[in-house]
Amino acid sequence: KQEVTQIPAALSVPEGENLVLNCSFTDSAIYNLQWFRQDPGKGLTSLLLIQSSQREQTSGRLNASLDKSSGRSTLYIAASQPGDSATYLCAVNNQAGTALIFGKGTTLSVSS
Amino acid sequence: NAGVMQNPRHLVRRRGQEARLRCSPMKGHSHVYWYRQLPEEGLKFMVYLQKENIIDESGMPKERFSAEFPKEGPSILRIQQVVRGDSAAYFCASSPSEDSVVEQYFGPGTRLTVT
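Here the protein sequences come in this chain order: A and B. The number in my numbering is simply the position in the first sequence, starting from 1, with 7 added. The number in my numbering is simply the position in the second sequence, starting from 1, with 216 added.
Worth flagging that the hints you see were computed from the coordinates, not collected in a lab. These numbers were taken from a predicted model, which means no experiment stands behind them. A few of these clues could be false.
[As the list claims (entries may be wrong)] Take a look, some chain A residues computed to stay more than 10 Å from chain B by CB distance:
hint	residue
1	14
2	48
3	110
[As the list claims (entries may be wrong)] Some chain A residues close to chain B (C-beta under 10 Å, calculated; not the full set):
hint	residue
4	53
5	83
6	88
7	92
8	93
9	96
10	107
11	108
12	109
13	111
14	116
15	117
16	119
Just so it is clear, CB atoms sit at the ideal spot from N, CA and C, and this is done for glycine as well.
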């Protein structure tokens, strides 16, 4: 059974700092991995999708990497801003390639 | 191109009533997924539907919950005889195909409160 874990559960940093969020999964036979952002009381915004054959994806100040063999992904945020404050969720496709399996998220707070 | 639409955004029901949650997928998308986010927990998959078919309902509670995606109109998640434990945010996502490398696009969610 696939399980997704995100560490840390919460993170507070000053503005301008570079930071890394971690995601691990127990079954390396994933099809793809998505990183989402969720603001309080809001829906999910897709940030990056990494296909199983890829090792990383970049969008602006965000870079996500994938190491299937070790069951890990990282989301790197460069030059953090107060507007980056949100909960970041990692999700993988299960073995059937349909439903997403989510971690519980990392809640990021960036202070000005 | 409008995103995934969900309504209502907030729904309050008394114990024992029925809750009907609606989801209109993005234009051109024929695959719909429902997820539930309980307080202090992660999102959990409930059901995956294509037009007129339930493909995977492995995450649906065995009783009181049902889902449909008719040929015309939105997908409906129906909860009968709601209990306080059903209070949660329910999210719908859509994708254009069953291809596993395709992103799922999420709606804003419906927040159900059972009093």
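Now the hints, each set against the structure:
no. : hint : in the structure
1   : 14   : holds, 14 Å
2   : 48   : violated, 8 Å
3   : 110  : violated, 6 Å
4   : 53   : holds, 6 Å
5   : 83   : violated, 20 Å
6   : 88   : violated, 23 Å
7   : 92   : violated, 19 Å
8   : 93   : violated, 14 Å
9   : 96   : holds, 7 Å
10  : 107  : holds, 6 Å
11  : 108  : holds, 7 Å
12  : 109  : holds, 4 Å
13  : 111  : holds, 4 Å
14  : 116  : violated, 17 Å
15  : 117  : violated, 22 Å
16  : 119  : violated, 27 Å
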